[in-house]
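J.: Sequence:
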Amino acid sequence: MGLLSVVVPVKDERDNVRPMFDRVRAALDGAGAGPWELVFVDDGSADGTFEQLEAVSRGDARVKVVRLRRNFGQSAATQAGLDAAAGDVIVTMDGDLQNDPADIPLMLAKLGEGYDAVLGQRQKRQDKLLLRKVPSFAANWLIRKVLGVPFKDFGCTLRAVRREVFDGLVLYGEMHRFITALIMQQGAKVTQVPVRHHPRTAGRSKYNLTRSVRVMLDLMTVKFQGSFQTRPMHLFGGLGLLCVFAGLVSVAASVVMKYTSGPGMTQNPLFLLGAVAGLIGVQFVSLGLMGEVLTRVYYESQGKRPYVVRERRNLDRGPLPSGRIAA
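Residue 327 is where the sequence shown ends in full-length UniProt numbering, and the numbering goes up by one at each step.
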């Protein structure tokens, strides 16, 4: 399997740094997981976390530390860890020890069955019901319905993913919640396995209910990226045509009412509604056209392609001598 990288973003987790290292070392060395590295990303901690990270890294060269200049958020910290990781397989997890490092060998074994990513599904969650469990249940249900992804737990950060899958991702904003959906949109073969979940014993949770609102906003972004990023006119043009059609129906209804028993067109709110709907429709179509232009600029200026290749055959070799056929 090659080198294994375990990426752990931390923010004010001073008392969890040493126990996290000890448990990861016990889990991986005890299971004979081969060469590994533990990449901590200090996301602007102010409680002495970095000093603990320094002490641990001095004692074991397999511990790598990335210290960000300030708090950039979990997505940026996770991306920094992915950029610093050198492994062929990357495991991500939170630094609060609610995820159990002892589950990593089981996930690696599942990955060896031919999957590109193995996700954790938290069993018997040790979180508060109203503050964590209920919002999480609602968010997971909404994500399944909107994105058509079958898994039940999108909030578990414990996952094992092949390097080439993560190489196709760039995490912005707070997209760490949608890593599962993002890698599935690339065509990765993904499964989910039960993992243990422990109560937090040190530090304070950074979760609050305002995240539920941000989840819904980010969900719209992920849905757009997955379904319409390369064809924005299909979304905005469709909405525009729908608005134009509704406007024409409203104007036609106001004309019919004028010559029957209804009020005149200038006194009929349907006429105004039709005019506004038509104007909105034109704006949507214009947005679609601009989106098509921006899509082409995005892909062509950076040399990107609107597809991801899983593997090749007879394409990575040099040209064959004349008359020879590849085996």
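A couple of the hints might just be wrong.
Distance windows between CB atoms, simulated [stated by the list, open to error]: (1) Glu300 - Gln123: 27 to 33 Å; (2) Val276 - Gln225: 28 to 34 Å; (3) Lys258 - Glu300: 18 to 24 Å; (4) Met290 - Gly148: 25 to 31 Å; (5) Gly2 - Thr191: 17 to 23 Å; (6) Gly2 - Tyr172: 26 to 32 Å; (7) His234 - Gln267: 46 to 52 Å; (8) Arg163 - Ala26: 20 to 26 Å; (9) His234 - Asp60: 19 to 25 Å.
Computed cross-link-like contacts, DSS-like style, restricted to lysine-lysine with a CA-CA straight-line distance of at most 30 Å [said to hold, decoys possible]: (10) Lys110 - Lys124; (11) Lys145 - Lys124; (12) Lys189 - Lys223; (13) Lys223 - Lys110; (14) Lys189 - Lys110; (15) Lys189 - Lys258; (16) Lys258 - Lys223.
Hints in this document: simulated from the structure, not taken from any laboratory. Positions of the beta carbon are idealized from the N, C-alpha and C atoms, including for glycine.
J.: For every hint, state whether the structure bears it out.
T.: Hint check:
no.	hint	in the structure
1	Glu300 - Gln123: 27 to 33 Å	violated (47 Å)
2	Val276 - Gln225: 28 to 34 Å	holds (30 Å)
3	Lys258 - Glu300: 18 to 24 Å	violated (51 Å)
4	Met290 - Gly148: 25 to 31 Å	holds (28 Å)
5	Gly2 - Thr191: 17 to 23 Å	holds (21 Å)
6	Gly2 - Tyr172: 26 to 32 Å	holds (29 Å)
7	His234 - Gln267: 46 to 52 Å	violated (38 Å)
8	Arg163 - Ala26: 20 to 26 Å	holds (25 Å)
9	His234 - Asp60: 19 to 25 Å	violated (52 Å)
10	Lys110 - Lys124	holds (21 Å)
11	Lys145 - Lys124	holds (24 Å)
12	Lys189 - Lys223	holds (19 Å)
13	Lys223 - Lys110	holds (28 Å)
14	Lys189 - Lys110	holds (12 Å)
15	Lys189 - Lys258	violated (61 Å)
16	Lys258 - Lys223	violated (44 Å)
The structure fails to meet hints 1, 3, 7, 9, 15, 16 from the earlier list, while all remaining hints are met.
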